[in-house]
Amino acid sequence: MAATIALRPCGDFKTSYGSDQTVFPTRLSLAFCVAGVLALCLAPMFLGKYGLSLLVQMGYLGIAALGLNILVGFTGQISIGHAVFFGFGAFSSAFISNKLNVPVFFAIPLAGLATTAVGLLFGVPAARLKGLYLAIATLAAQFILQDFFARAGWFTGGVAGSPAKSFSVFGHEISGDQHYFYVVLAYVVVMYLAATNLMRTRDGRALVAIRDHYLSAEMMGINLTKYRTLSFGIAAFYAGIGGALYAHYLGFVSIEGFDILFSIQFLAMVIIGGLGSIMGSLMGTAFMVMLPEAMSGLAKMLSGSAIDRLLSLKEGIVFLREMTIGAVIVLFLIFEPDGLAHRWRRIRAYWKLYPFSH
Amino acid sequence: MTVDATLLLQLVVNGLIVGALYGVVAMCFVLIYKASQVVNFAQGEFMLIGAWACWWLLVKFQLPFFASFLITLAFMMAFGLILQVIVLKPLIGEPIISVIMVTIGLSIFFQALMKWMFGVSAQPFPPIFATPDVNLLGLQVKTVYVMSTMISIGIMGGFAWFFKYSRMGLAMRATAFDQQVAQSLGISVRQVFALAWGISAMVSALAGVVVGVVNGVSPALSFFGIKVFPAVILGGLDSIVGAVVGGVVIGLLENLAHYADSQWLRWGNLYEIAPFYALILILMIRPNGLFGTKDIERV
Amino acid sequence: MNLTRPIAGALLSGALASMTPLTATAQAIPIGHLADFSGATADVGGPYGQGVADAIAHINRQGGIGGRKLDADTVDYSYQVPRAIAAYKNWSGKVVAIQGWGTADTEALVGFITKDKIPYYSASYAATLTDPAGGSKADKPTPYNFFYGPSYSDAARAMVQWAAQDWKKKGGQGKPRYVHMGANHPYPNSPKAAAEDYARQLGFEVLPAIQFALTPGDYTAQCLTLKQSGANYAYLGNTAGSNISVLKSCQTAGVQVQFLGNVWGMDENAMKAAGSAANNVVFPVRTAAIWTDKAPGLTLMKEISKMSDPSGNAYRASHYLAGVCATLYMKEAMEWAAANGGISGENIRKGMYVRTNWVPKGAEGVCKPSTWTPTDHRGMLQVDLYRAEVKDAGDGQIADLIARGAIQMKRIATIDLPRNKEWLGW
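Protein chains in written order, with numbering that gives the first Met the number 0: chain A, 0 to 357; chain B, 0 to 298; chain C, 0 to 425.
Among these hints, one or two may not hold up.
The calculated lysine to aspartate or glutamate pairs, modelled on EDC-like cross-linking and capped at a C-alpha distance of 16 Å, are [stated by the list, open to error]:
#	chain 1	residue 1	chain 2	residue 2
1	C	Lys114	A	Glu172
2	C	Lys88	A	Glu292
3	C	Lys226	B	Asp3
4	B	Lys88	A	Glu172
5	A	Lys48	C	Asp115
Some, not all, of what chain A presents toward chain B, calculated at C-beta under 10 Å [said to hold, decoys possible]:
#	residue
6	Val33
7	Gly35
8	Val36
9	Gly72
10	Ala140
11	Gln141
12	Ile271
13	Ile324
14	Ile333
It is worth saying that the hints were derived from the structure and are not from the lab. Note that the structure is predicted; figures quoted are calculated from it, not measured. Every residue gets a Cβ at the ideal spot worked out from N, C-alpha and C, and that includes glycine.
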């Protein structure tokens, strides 16, 4: 697990605490990040609605996945109930903007805070439980909250679901993929920077200490209960923001979608991306969003072709798609258990030392 | 507050019987966890594969039930062994979350494979027993449940004997306790892991066949596996006895909660949700389950 | 389930569609088709989606609409909302109509299709989709949502009405008891309030609802409660998989109750899987005939079926016929639009309003007369009720079982519901 922290190469010579705590280690990496964000800003001109919708999905799912990564990757806890926090954020944002008539601009952060409250509530048992027991307690939370959604018609709209207003700033409505994309992009940038910042503060280091060796952390004076609960709260906040963005994108929230399979997908995003890596969350999300689409495209290409006739796949193609998704997850974890972020670091390291890499 | 005694008694009997089934599946789950430290999210799919295999043998080859059943058990044993060797072995030593994810990936894979091979509709089992139900304390119980309860008790007894008195059983317990020491004493950890998975797959198949006989085999059968989690947590993750007790308790709890719900509370959903509330409560009071070993932390 | 050429054909057309740019050229009419062939609702989504795909292929075989072929992009979204959204984004701005499927995708896309003005033909019959203005009961306006068949609420009301008549016919004494059974989930809950309210109106004693999950399992506890409550009529709101479990558990527990099913909860396959436990269940059927009946429209249906089953031997479930009907209505609306301003989403919608008691050409005796108006999207208020008769729990192909008489569906009543304004939207 320790290998997931980026090890500093030897010869890394810093002369002040400030330079040791920078978010971007080199000017080049900062330049790349800025260039990347600018390139994304220009994306709506080149990508059609389909591509933009995929990016928007990656955006709000990526924010929630980052929350889960803070909980699982940085604090070492396990949560199989992330989808219901996501759903809670979606419903509360819809509720706040509809029933309490708060503008959507403010409803989204408020929904995040509401979800944080719920997350803190479920974080309390986390103080006493470890490992698998915690995982299964979060599974219980998943089912209990799902039941709550189904029951609480005043909050979720019950059978009919809950419509969500579209985003608007000072009366100027921002809807449609091209404009909403910028809203999501802004949130992604802010949340990711916030997470990176969190990790270089005292609290972030406390979380990592708890993950690595909680007994030592406790002896050093870190309050385990406080930080474990805090970790759940932060994860819930991110999930809530992601959910709220989802709600205002679709314009409608239904209780159908927040089931255990969705929680498992979040876990997959985080694990495949790389536990304990901020960039990894985004990479893992991109992977999980693109995988079904790529498989569908592949299935479409294959059907009717020579391979199809040869192996007489025919109707099996749709199932083959699902099987491939499962198989890809399994193979990925067998061959690269530390995730995409680790693989990316290895590739970077290779090119950094080329031709002297060993 | 009137108590309808006959209904209550019937529900208790039903709870015990269904609870025995949960206990069987929970036992398999704990077996894998105890022996190889892997949390198997694909337990439901083991049940599903076993059910489909038995159905296929019965329907396509027209074999008598006992023959198909025994062949299914043998097949699942081999299946569990092979799965462990191919997929789980490379993951020894990896963080628990990665292993959980692999089992989740496996469950996705097998679900799709079963849908491809056997279709998406529910298929009924051909009638197996001459008398479909028997009368037990005023409750009509399906014969297959009686059979499964008897087999479950037999299996629990077998497991108890196995772990206490046989060499392999002792070897498994030793491996679960401390892998390195077990290895240094000459126990083949590879064999232990493989055997654990094989036995677990085999016993899950039994539960799968039972559920299949009652409800028909369909892709949704694997959701039965979700009920396992409250049962194993209740009983403690590393205790086989605890798993059985947990299963029975969950079965009873469901039925009693349903009774309370239908008579007095009228909330509606207690049957499904009560086990999870109970789970959280138990974990608050006893974080390691009723029978789990307490983690003593040495500094 | 024999899906040999069907999905290959659908995916092939999809592959071709994805290779050609999906712009509304002078030649092809692009439409979207969301289906569930492999997900949680695949057991009923398969036949329905097959019906839609075959109907589209048949329409093209007959020359299309005004000489223009339908260019359908069939996407199997496995009942996962994100994939449905991605598929829609791919289509947005290009397709003029969408054949959808279940609650998940319909609800997720309702905002989008209303904004983009694309008619959406769903297989979700939720009553909240029937009020185009989105009045007091339904929160959202749904002017572009259509479905062929009675809404879940209206079907339930029809069965309640039948139950009242049945109680009188049986000579029942006192108030009959009605209970709603289903999961706490949008799909089973959709008709709950409407049916319970109407039952009270007709003099039923409405018992507290009994819940059971959407997954198969052991429901002895619920059956015992049902038995003890003395209910006379129980509405099963879930999908086929769990309804089968309940029927079997209740049969073992010795429950004597008249079960009322729902459109997706009881069909030929469920009858086979549940065996004798499904005997006597009363349920609504959307089409005026089933595959083994004699009706003029079945000739067309058999022709359409040959698009994916050249041998003509496959038995087509009631869901298949419903899918074909939904597509035929879309086709005739498009034909009207082509003659009245061009094929666009808005014109297709207008085309849905021009006829009353509308039966598509060639489908007489199969697709029931339906009427849609700009203020009322309840197309069908006449509900056919059938009774399932299952003699032995045999195994074998559905076609054989029906031929042998082991499984039968007999029509027992046709209920005409009044077009009440108070019932619109819930």
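Here is how each hint holds up against the structure:
Of the supplied pair hints, the one linking lysine 114 of chain C and glutamate 172 of chain A holds, its CA atoms being roughly 14 Å apart against a limit of 16 Å. Only pairs whose Cα atoms come within 16 Å are accepted, and lysine 88 of chain C paired with glutamate 292 of chain A is accepted, the gap being roughly 12 Å. Restraint check for lysine 226 of chain C and aspartate 3 of chain B: the C-alpha separation of about 13 Å stays at or below 16 Å, so the hint holds. For the hint pairing lysine 88 of chain B with glutamate 172 of chain A, the CA-to-CA distance comes to about 55 Å; that exceeds 16 Å, so the pair is violated.
About 13 Å separates the Cα atoms of lysine 48 of chain A and aspartate 115 of chain C, which keeps this hinted pair within 16 Å; it holds. The interface hint given for valine 33 of chain A is violated, since its Cβ lies 33 Å from the closest Cβ of chain B, which is over the 10 Å cut-off. The beta carbon of glycine 35 of chain A is not positioned within 10 Å of any beta carbon in chain B (closest approach about 28 Å), and the interface hint is therefore violated. For valine 36 of chain A, the shortest C-beta to C-beta distance to chain B is roughly 30 Å, which exceeds 10 Å, and the interface hint is violated.
Proximity of glycine 72 of chain A to chain B holds as hinted, the smallest CB-CB distance being about 9 Å (cut-off 10 Å). Annotation: interface hint on alanine 140 of chain A holds; nearest CB of chain B at approximately 8 Å, less than 10 Å. Interface restraint check for glutamine 141 of chain A: the shortest CB-CB distance to chain B comes to about 9 Å, inside 10 Å, so the restraint holds. For isoleucine 271 of chain A, the shortest C-beta to C-beta distance to chain B is roughly 8 Å, which falls under 10 Å, so the interface hint holds.
At about 6 Å, the closest approach between the beta carbon of isoleucine 324 of chain A and any beta carbon in chain B falls short of 10 Å, and the interface hint on this residue holds. Against a cut-off of 10 Å between C-beta atoms, the interface hint on isoleucine 333 of chain A holds, since the closest Cβ of chain B lies about 5 Å away.
In summary, the numbered hints that this structure violates are 4, 6, 7 and 8.
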